[in-house]
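K.L.:
Sequence:
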Amino acid sequence: MQLGILLDPIDQLKPYKDTTLAFLERAQKLGWSCAVFTQEDLFCKEGRAFAQVYELSMGDLYSNDWAKITNLGEKPLGSFDIILMRKDPPFNTEYIYTTYFLELAAREGVLVANNPQALRDANEKFFTLNFPQCCPTTLVSKNIKRLKAFWEEHKQVIFKPLEGMGGNSVFHVEEQGKNLAVILEVLTKNQTQTVIAQRYIHEIKTTGDKRILLINGQPIPYALARIPAEGDLRGNLAAGARGEVVPITTRDQWLCEQIAPTLKAKGLYFVGIDVIGDYLTEINVTSPTCLREIEAETNLDIAGDFLNCLETICRSR
111 MQLGILLDPI
121 DQLKPYKDTT
131 LAFLERAQKL
141 GWSCAVFTQE
151 DLFCKEGRAF
161 AQVYELSMGD
171 LYSNDWAKIT
181 NLGEKPLGSF
191 DIILMRKDPP
201 FNTEYIYTTY
211 FLELAAREGV
221 LVANNPQALR
231 DANEKFFTLN
241 FPQCCPTTLV
251 SKNIKRLKAF
261 WEEHKQVIFK
271 PLEGMGGNSV
281 FHVEEQGKNL
291 AVILEVLTKN
301 QTQTVIAQRY
311 IHEIKTTGDK
321 RILLINGQPI
331 PYALARIPAE
341 GDLRGNLAAG
351 ARGEVVPITT
361 RDQWLCEQIA
371 PTLKAKGLYF
381 VGIDVIGDYL
391 TEINVTSPTC
401 LREIEAETNL
411 DIAGDFLNCL
421 ETICRSR
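In case it helps, our numbering puts the sequence shown at residues 111 to 427.
The hints are simulated quantities; they were obtained by calculation from the structure and are not laboratory data. Since we're looking at a predicted model, the values are computed, not measured. C-beta atoms are modelled at their ideal positions from N, C-alpha and C, and glycine is treated no differently. Certain hints may be false.
Stated by the list, open to error - Below, simulated DSS-like cross-link-like pairs (lysine-lysine); rule was C-alpha separation at most 30 angstroms, straight line:
no., residue 1, residue 2
1, K252, K376
2, K197, K376
3, K155, K127
4, K258, K185
5, K185, K139
Stated by the list, open to error - DEER-style ranges, computed between Cβ atoms:
no., residue 1, residue 2, range
6, A339, Q162, 37 to 43 angstroms
7, N181, E263, 54 to 60 angstroms
8, T180, Q301, 24 to 30 angstroms
9, P119, A259, 41 to 47 angstroms
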């Protein structure tokens with residue numbers, strides 16, 4: 111198979127824990143022909159999308175010189191069998207432009223994972239509201255009066271931006287309402303930016319924020335529970351949370367069953383959902399992580415299973 115991977119700049123990656131590189135490593139072991147490129151390498155001419163592509167050879171992932179890069183020249187995106195879109199947020203205008211490039215490749219028959227149109231449609235926080243039976247009580251608004259009323263009703267509320275990752279700008283406002291006014295002014299940028307408010311789920315302190323990975327709608331049987339650091343509320347490894355691999359529960363399985371048909375229909379082949387207690391809080395579609403942490407503690411070959419799934423889909427089209 112001819113595999114292209116659109117990733118973040120090499121110097122921004124943490125190779126020993128990076129899920130994208132796990133896919134690349136596994137594809138190389140499968141004997142696939144692999145090339146990588148970044149947003150900056152993309153260009154379009156005469157209605158076709160191209161990229162300056164590179165071979166990426168990996169050495170000791172814990173060393174500073176882990177990567178050896180070889181320039182392979184310009185390549186039409188339509189010449190790949192499969193392209194993995196693995197660019198991290200922010201989901202900004204450049205991200206949207208990137209999905210346009212990938213759509214041109216898809217029109218030439220390339221299997222793009224995840225589907226570019228679905229990446230535009232599925233905001234990772236707002237998308238959960240398509241499954242209200244799975245979610246905690248939620249309000250999405252930029253109106254400060256309405257957001258304050260939501261806090262008055264529930265008293266313990268999480269406020270966060272619709273865009274963002276790694277636990278950035280996430281606020282827990284408790285019964286006292288400390289700093290509520292300034293938090294809402296900052297998050298909404300004085301009522302010009304929409305935010306999300308959710309009833310606080312106490313299980314974050316005990317069972318953590320679980321990352322469950324799904325391949326074409328099917329959940330991996332183990333999740334990574336991210337337990338917040340002492341005195342913190344964020345279940346994000348980037349924010350200092352502790353990771354613990356745990357089996358998924360019957361409730362987790364039910365949540366996955368609720369969303370699976372939509373994921374498959376939209377071409378969201380690799381997804382990471384976040385579950386706190388009994389509730390779905392996010393559906394991560396852009397560049398889900400935590401694969402290496404789960405593989406390291408189990409006998410699972412998640413990367414291999416994902417690539418084999420894509421190959422099966424590719425050959426059946």
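K.L.:
Run every hint past the structure and note whether it holds.
P.N.:
How the hints compare with the structure:
Simply put, K252 and K376 have alpha-carbon atoms about 28 angstroms apart, close enough for the 30 angstroms limit, and the pair holds. For the given pair, K197 sits about 19 angstroms from K376 by alpha-carbon distance, which is consistent with the 30 angstroms threshold. Distance check on the hinted pair: K155 and K127 sit about 36 angstroms apart at the alpha-carbon level, beyond 30 angstroms; violated. At roughly 53 angstroms between alpha-carbon atoms, K258 and K185 are farther apart than 30 angstroms, so this suggested pair is violated.
For a cut-off of 30 angstroms, the pair hint linking K185 to K139 stands: about 23 angstroms separates their Cα positions. Between A339 and Q162 the beta carbons are some 41 angstroms apart, a value that agrees with the proposed interval 37 to 43 angstroms. Distance hint for N181 and E263: a CB-CB separation of about 58 angstroms, consistent with the stated range 54 to 60 angstroms. For T180 paired with Q301, a C-beta distance near 51 angstroms fails the hint of 24 to 30 angstroms.
At about 43 angstroms, the CB distance of P119 to A259 agrees with the hint of 41 to 47 angstroms.
Checked against the numbered hints above, the structure violates hints 3, 4, 8; every other hint is satisfied.
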